[in-house]
Amino acid sequence: MLHVEGIRKTYGETSVLTGVGFTVRRGECFGILGPNGSGKSTLLKLISGVEKPDAGAIELDGKPLSAYSRKQLSRLLAVLQQEALPPVGFTVREVIEMGRHPYRNWMGEEAPETGAIVDAIIDKLGLTRLQDRSLHVLSGGERQRAALGKAMAQQPRLLLLDEPTTYLDIGYQVQMMDRIKAWQREQELTVIAVLHDLNLAALYCDRMLLLKGGVVRAIGTAEDILREELIREVYGTSPVLVRHPEHRVPQIMLRQGGTRDE
Amino acid sequence: MSRKLILWGGAGLAVLLLSCVISLSMGTARLPLPEVWGILWHRLPGVGTWVHADWPVSSEQIVLRVRLPRVLLAILVGACLSLAGAGFQGVLRNPLADPFTLGVASGSAVGASAVILFGLQTLLPGNWSIPIVAFATGILSLLLVLRLAFLQGKLQLETLILAGVVVQAFLGSAVSFMVSLSDKVVNEITFWLMGSLAMRGWPLALTLAPYLAVGLAVLTAYARTLNLFSLGERQAEHLGVNVGRTRLAVLVVSTLLTAAAVSVAGTIGFVGLVIPHLIRLAAGPDYRLLVPLSAVFGGVYLLWADTLARMVLSPTEIPLGVVTAFLGAPFFAYLLRKNKRMARA
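Chains A and B, in that order, are what the protein sequence lines are.
For the first sequence, this note's numbering gives the first residue as 1, with consecutive numbering after it.
For the second sequence, this note's numbering gives the first residue as 1001, with consecutive numbering after it.
Extracted from the complex, chain B is given alone in its bound form (with noise of 0.2 Å):
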C-alpha cells in the first residue's frame, strides 16, 4: 500500500511539476523552458544564488506575476473539485456522483452571486465572504437534493443524479435571474459563473490553500472507512463504523471544497468526475490511495484544462467550464453507460 502510494505520488508530483513548468512557458509571449526554470529555482530560498539571473525582468515579471498564480489557482481548484467529487462518491455509493452532478456546485454558486449582486464581498474581512455564504447555500442544496433522492429510506443510483439534475436546473435559473436583476454587474457575474480562472492574482490563491488543507486532511482520516463503505452502510456499521458521523463529516467536508472552489472560479463541472475514476482504473479501489491522488491529478487536469482554454482561440479565452464541460460530458455518458451495464449483468 505505503510503497504504491509513494510510486503513484511521486509520480503524480513530477506530472504536476513539468506541467507547471510547460504551462509557464505557454502564453502570448512564449518562454523558453529553460528559462521558466531557471526563474522558478532562482526564487527557492536556499537555492536560489545558485542560478545565474540571465532573462529579461519582463520574462520574470510574466512568470512571476501573471502567470504563476493561475497555474497555482488552477491546481488548486482542480484539487479541491476533484477531491469532493471523491468524497461523494465515496459516502454516497454513486460513482456519477461530483459537485456539479449533485448541484451543490450550483448550489454555491447561487449564494455566491447573491453575494455579488447586493456587493456584500466586504461583510466579513479578508476573502471570506463569497466562500461562507456559498458553502451554506450548497449544503443547503445538498440536503434538498439527499431528500428528494431517498425513496423509501433507500438512495437510489439514478435517483440522486435526477435530483441533482432538477435542483441544478432550478439554481442555474436563480442564478440567470440575479444577473437580469443588475445589469451593472452583469458581467462580473456571467464571467465568474462560467468559470475562469484569468486575473485572479495571489491573494485569491492563497486564499484556497487552507480549504483544500482540511479537505485533504478529513479525507485522508476518512480514507480507511471510506474503503469500508464501498461494501454497503450496513456492512460498515458491522464492522464497526459510525455510519451517521462518517457520512455527516465526509459530505460537509466535500461540500466545502466545493464552495471553495466555486467562489474564487465559478461552476467548473465533471472534474471531480473525470479524475476520481480515472485514478480508480489505474490505482484500484483504495481510497487511502484515490484520496491523495484526486488531489494531485485534479490539480494536473484543471491546470491543462485551463491552458488549453486560455492558449486554444489565443488571445481570446474560452471559458473553463466550458473547455471542463466539453471534456468531462462524454466522460458521464461513459459511465452511465457502463454502470447501465454493469447494473444489468
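Okay, chain A solo, but in the shape it has when bound (with noise of 0.2 Å):
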C-alpha cells in the first residue's frame, strides 16, 4: 500500500529526517512513535503530500506520490489532525459534507450518492442529534468526532492520524480509537498514526515504528518496541513493563525518578 525508502528532510540547516524507510501493507494500522522533536509530525506530512522530501522515494499503490493531484490524493487519503476544527459556524453535517469535496467535478456539483454517504455516516458515529448544530457550540470531542465523520466521507483507502487523541479525555480516545478499528475493519482501510501515547499504540497497532532524533531506531510489533531498554535509550526514562490482564499486549508503567540525566 505505501513504501517509503530514504527518506531525506531538512529545514535550512537542521536535518529533521535522515535514511527513514519503511512498508506499510494493505488494511494494517502503523503506528508511528517517538519522543517530541523526533520528526513524527513531518513524517507525516511527507506522506501525506503536502511537504515533499529533499531525497528519498513515497509509493503509494506503486505510484510515486508526486505523481497524484492533489485530488487524486484527496480520494484516496485522508488526514485526522491533532487540533480539534475550529469552532466556525458550520454545521456538523455541512462539514461532513465537505468531506465530499474530491468526488465533485468542476461544476462543483454533488455526485448523486452524496446524501446517503453523509447520512450513513452520521448515524455510526451517533452525530444524528448534532447533526444541525454549528460547530462552535460543540465541545472538543465532539468537534473531533465531527472532523471524523469528515474524513469517513472522502471514503479514503489510507487514513493518517495525526496525534488525534491529544486533546481528548480518556472515554473520547477510546471511543475515537475503536470507531477508527471499526472502520479499518469494515473498509479494509489502512491506518497509519502518529501517537504519544505508547499504551494507546500497543493497544491498537498492528506494528509500529520508533524515531529518535529523525533516524527510524526500530520497527516491529508492540513486544518489539515496548522492551525497556530500547524505551530508556529513546525516550531517557525507564518505565516499568506489565501486561494487559485482558489484551496480552505489553503496557508501559511510568516510574518516578526514571530520567536519565542529559
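Where hints are given, some of them may not hold.
[As the list claims (entries may be wrong)] In silico EDC-like pairs for lysine to aspartate or glutamate, Cα to Cα no more than 20 Å straight-line:
| hint | chain 1 | residue 1 | chain 2 | residue 2 |
| --- | --- | --- | --- | --- |
| 1 | B | Lys1004 | A | Asp61 |
| 2 | B | Lys1004 | A | Asp178 |
| 3 | A | Lys52 | B | Glu1233 |
| 4 | A | Lys63 | A | Glu28 |
| 5 | A | Lys63 | A | Glu51 |
| 6 | A | Lys52 | A | Glu28 |
| 7 | A | Lys45 | A | Asp61 |
| 8 | A | Lys124 | A | Asp54 |
| 9 | A | Lys45 | A | Glu59 |
| 10 | B | Lys1338 | B | Glu1158 |
| 11 | A | Lys71 | A | Asp132 |
| 12 | B | Lys1004 | A | Asp132 |
| 13 | A | Lys124 | A | Glu109 |
| 14 | A | Lys71 | B | Glu1158 |
| 15 | A | Lys124 | A | Glu142 |
| 16 | A | Lys45 | B | Glu1158 |
| 17 | A | Lys63 | A | Glu5 |
| 18 | A | Lys71 | A | Glu28 |
The set of hints was computed from the structure by calculation and includes no laboratory data.
Given two chains presented individually in distinct reference frames, assemble the corresponding complex, making use of the accompanying hints.
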C-alpha cells in the first residue's frame, strides 16, 4: 500500500529526517512513535503530500506520491489532525459534506450518492442529534468526532492520524480509536497513526515504528518496541513494563525519578 | 442552499431598489416618490411608453443627470469594497481583515494620488491609468503587510492587523507628503482622499462595472473553496484544494476590487468589515451566500452612507470616508472584543 524509502528532510540547517524507510501493508494499522522533536509529524506531512522530501521516494499503491494530483490524493488518503476543527459556524452535517469535496465535478456539483453516504456516516458516529448544530457550540470531543466524519466522507483507502487523541479525555480517546478500528475492519482501510501514547499504540497498532532524532530506531510489533532498554534509550526514562491482563499486549507504567541525566 | 439564496438575494435586491428610489427623491430639491418611480420606469425600454410623463423636465434632469449616476456609483463602490472584504477575510481566515485595515486601500491611494499629482491621468486611454497604478501599489502594500505579519510561517490574527496599521500609517503619510508637494492640486487630492462620490458623472460609474463583474464572478467561483478554507489551510489541502492558487486568485481579485473602488471614490473604510460580518450573523458562514449578498448589501450600505453624507449638513457635504468611519470604527472595536473573547474561551 505504502512504501517509503531513504527519506531525508531538512529545514534550513537542521536535518529532521534521515534515511527513513518502511513499508505498510493494506489493512494494517501502523503506528509512528518517538519523543518530541523526533520528526514524527514531519514524516506524516511528507506522507500526506503537503510537503516534499529532499531525497528518497514515497510510493502509494505502486505509484510515486508526486504523480498524484492534489485531488486524486484526497480521494485516496484522509488526515485526521491533532487540533479539533476550528469553531466555525458550519453545522456538523455541512462539515461532513465538505469531505465529499474531492468527488465534486468541475462545476462543483455533488455526486448523486452524497446524501446517502453522509447520512450513513452521521448514523454510524452517533451524530444524528448534533447534525444541525454548528461547530462553535460543540465540545472539543464532539468537534473531533465531526472531523472523523469528514475524513470518512472522503472514503479514503489510507487514513493518517496525527495524534488525534491528544486533547481528548480517556473516554473519548478509546471511543475514537474503537470507531477507527471498526471502520478499518469494515473497509480494509490502512491506518498510519502518529501517537504520543505508547500504551494506546500497543493496544491498537499491528506494527509500529520508533523514531529517534529523525532516524528509524526500530520497527516491529508492540512486543518488539515496548522493551525497557529501548524505551530508556529513546525516551530517557525507565518505565515499568507490565502485560495487559485482557489484551495480552505490553503496557508501560511510569516510574518516579526514572529520568536519565542528559 | 439555493432556496436560501433566492430568498435572501430577492430581499436584498428589493431593499436595494427601494433604497435607490428613496435616495433619488432626497436632496435640496425634494421630489415625490411616485415621480421618481415614474421617471425611472419611463426610461426602461419597452415599458417606458406605458408611463405618462407628467413631471417637470427639471425633475427628470435632476434624477437622471445628477442623482442617478451618484447613486449607482455608491452602489458599485459599496459592492466592490464589501466583496473585497469578504474575499480577504475568507482567504486570510481573519474576521478583522478589510481593504482598509490591511492597508491595501492606502496602498492604492498612494498610486492614485501619484497619478493625480504628476498629472498622468491621460497616460493610458479612457479611465484606466488611475485604477491600474492603484492596483499595482495596492498589491505591493498587501505583499508588504503579509511579509510583516508572517512569523515563523504562521499568520497571526492580531499581527496581521498590526502590520496593516503600520503600513497604512506610513502610506498615509506618503499621500500627505504628495499633497504638500503641490498646492495646485491640493484640493483635488484631499477631497478625493477623504472619499466622495459627488460630481463624478456617468463615465466614472460605468468604468467600475467591469471590475465588479470580474470580482463577483471569480469570488463566486471560489465560494466553495473558501468554505473549506474556513476549516484551516491544511484541512483544505487535505480535501484536495490547491491552496496556493486559491490564495493568489482571491487576494489578487480582492485587491483589484479595492483599487477600483479607491480610484473613483478615495479611501472609504470599514465597508468590507461591517457588511460581510452582518451577513454571516444573519445568513450563516456559507460563502456561496456570503459573496453575492455582500455585493448587494454592500451597495445598499454605501448608498445610505452617501445619502447621509449629502443630507445631514445639507447643502454642505460630509466626506463619505468620514461617515463610514463613524459607523465602521466602533464596529471594528466590537469585533475585536468579540474575537478576544472567543480566543480566550
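Checked hints:
no.: 1; hint: B:Lys1004 x A:Asp61; verdict: 43 Å, violated
no.: 2; hint: B:Lys1004 x A:Asp178; verdict: 39 Å, violated
no.: 3; hint: A:Lys52 x B:Glu1233; verdict: 17 Å, holds
no.: 4; hint: A:Lys63 x A:Glu28; verdict: 19 Å, holds
no.: 5; hint: A:Lys63 x A:Glu51; verdict: 17 Å, holds
no.: 6; hint: A:Lys52 x A:Glu28; verdict: 24 Å, violated
no.: 7; hint: A:Lys45 x A:Asp61; verdict: 18 Å, holds
no.: 8; hint: A:Lys124 x A:Asp54; verdict: 41 Å, violated
no.: 9; hint: A:Lys45 x A:Glu59; verdict: 14 Å, holds
no.: 10; hint: B:Lys1338 x B:Glu1158; verdict: 13 Å, holds
no.: 11; hint: A:Lys71 x A:Asp132; verdict: 28 Å, violated
no.: 12; hint: B:Lys1004 x A:Asp132; verdict: 16 Å, holds
no.: 13; hint: A:Lys124 x A:Glu109; verdict: 25 Å, violated
no.: 14; hint: A:Lys71 x B:Glu1158; verdict: 33 Å, violated
no.: 15; hint: A:Lys124 x A:Glu142; verdict: 14 Å, holds
no.: 16; hint: A:Lys45 x B:Glu1158; verdict: 27 Å, violated
no.: 17; hint: A:Lys63 x A:Glu5; verdict: 13 Å, holds
no.: 18; hint: A:Lys71 x A:Glu28; verdict: 24 Å, violated
The structure shown violates the earlier hints numbered 1, 2, 6, 8, 11, 13, 14, 16 and 18.
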